[in-house]
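Use these hints to put chain E onto chain C, whose structure you have.
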Amino acid sequence: MADTSKKLTFWGTFMNGLVTENPTFTLMLGMCPTLGVTTAAMNGVSMGLATTFVLVFSNLFISLLRNIIPDKVRIPSYIVIIASFVTMIDLMMQAYLPDLRAVLGTYIQLIVVNCIIFARAESFAAKNPPALSVADGLGMGLGFTISITLLSMVRELFGSGSVFGYTVMPASYQPMAIMNMVPGGFITLGLMMIVINAIKKMAAGRGRREEGLA
Amino acid sequence: MSTFLTILIGQILVNNYVMCQFFGICPFLGVSKKFDTALGMGLAVTFVITVASFFTWLVQNFLLVPLSLEYLQTLAFILVIAVLVQVVEMALKKLSPTLYQALGVYLPLITTNCVVLAVAINNITDGYNLLESTFSGCCAALGFTLSLLLLAGIRERMELSNMPKWMQGFPGALIMAGMMAIAFMGFGGLI
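Chain order of the listed sequences is C and E. Taking my numbering, I'd label the letters of the first sequence as residues 1 to 214. Taking my numbering, I'd label the letters of the second sequence as residues 1 to 191.
With the rest of the complex left out, here is chain E:
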């Protein structure tokens, strides 16, 4: 039980993939202009990462290790992720056309969100079992969603404020992200 608590706090706050490790910066900066799209993106990513952590663990331990093909890890994992994203896309199209419309172009982009692959690889490096891998994937994704939502909220406010012209857009967002990262460093002593 304590392992799970450590994973929960570790993945969401202490080792937050975006704020403390620099993964998934592209969607973090690209999709954080509006709170609503950020939320949709966060949920879609959460789903993909959780399921991907489950399947990549199975692929690693039942396919790559028995056949001693560990060097094909990158290739195998990215294929699993690409297939999953495709499946999610097709499922959403049939089941919930509204959500599918809202996410639009961001859905296929999840394949190239490096958080997904980083979590899958780190689960293997950290030696988690199947349950821990899936749980850690879910928590990492929630951490990603949390930082995405925080930045989106701040940027919506920044739109209204009177910023110097040279700070508007990406430079302002980057500096704001830096401040957030300083705040997240405060969680460092939790574990």
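Chain C with its partners taken away, still in its complex shape:
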């Protein structure tokens, strides 16, 4: 990174959410939808995008109102703002994508208590100007989307032998039913975290070696 100053840039904030502080694998936030809806890759993508929508708009509005909302009532105010956008996306999905809404079920309404959104409102949007807050919302939202899409692809591959509904496994493959159930979710996420920690460690090790050479 050439830019070492403390000043936050749009791109830097976006990448921070996407990679450095990935909400799922680094911050361990928003675990319920991460595990609950990830039995098929399509569900993962749509849940991620719905959450991103709410995150971007709630960040934007909380940031715009950050100097107006009194500190004492900030939590109820945030909740009202977040819940309004959740209701909007819920009603839109019921109108335009009723099948998907039926699959995702209560989890759409539960976006309102997704800790990612609340944590970003409290720790970012409440302190930063609107443009940066939107960048943070986009980065965090897409970081979340990518993580849960990855998780749901792995689960769908082993649980149903397909990816995004296309069968990829040979016909002789016996789907592992447990991957579609609750235990499969926990165990897959645990194993993926081991892999991601290992990759991070390798990347950090390479970074250190390069620094040593320079």
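Treat the hints with care, as some may be off.
Derived pair list, reagent style BS3-like, types lysine-lysine, alpha-carbon separation capped at 27 angstroms [to be verified]: (1) 72(C) with 93(E); (2) 94(E) with 72(C); (3) 34(E) with 94(E); (4) 165(E) with 200(C); (5) 127(C) with 72(C); (6) 201(C) with 33(E); (7) 165(E) with 34(E); (8) 201(C) with 93(E).
Hints listed in this document are in silico derivations from the structure and should not be mistaken for laboratory results.
The following block gives chain E in isolation, referenced to the frame of chain C:
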């Protein structure tokens, strides 16, 4: 009477909100490092869910339905829950400062525990009456407490054992939770 027995067994064992439905995973993983804090958290959540189930049912049937404002359900319910948590916090501060101290930061976090909202919404979807809603809320919360305590007990043991380094912390806890969920699947045939 049989309805209540079904709710009791269903909410605690068969459809345990954490182990069988993936609700409330954040506190489940976040607060399960120590048995004592897990117990405190479980009790506080039990109280909030029980009272929240009571009030959200009233709000739904005496406020939202007569005014045909059902689409504001999410908003109304989360406000009820946020207010309740605030009340519990203030009451505890006055009545039992020791417990208040022990729970610390976990108290306000109950608002964003999705079990609370999920139970409230499911009570309405399942068409329970006021008494059944409150009872089902209480049982769901006990189920949450049970799984939280089980994982906390296991994790306290895991601290002492010699685990490979890459398994320590969250990955180990997640895989352990997966094993627990497999065990809970065994209750599937009870109802």
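Here's how the hints hold up against the structure:
no. : hint               : verdict
1   : 72(C) with 93(E)   : holds (17 angstroms)
2   : 94(E) with 72(C)   : holds (19 angstroms)
3   : 34(E) with 94(E)   : holds (26 angstroms)
4   : 165(E) with 200(C) : holds (15 angstroms)
5   : 127(C) with 72(C)  : holds (15 angstroms)
6   : 201(C) with 33(E)  : holds (24 angstroms)
7   : 165(E) with 34(E)  : holds (20 angstroms)
8   : 201(C) with 93(E)  : violated (44 angstroms)
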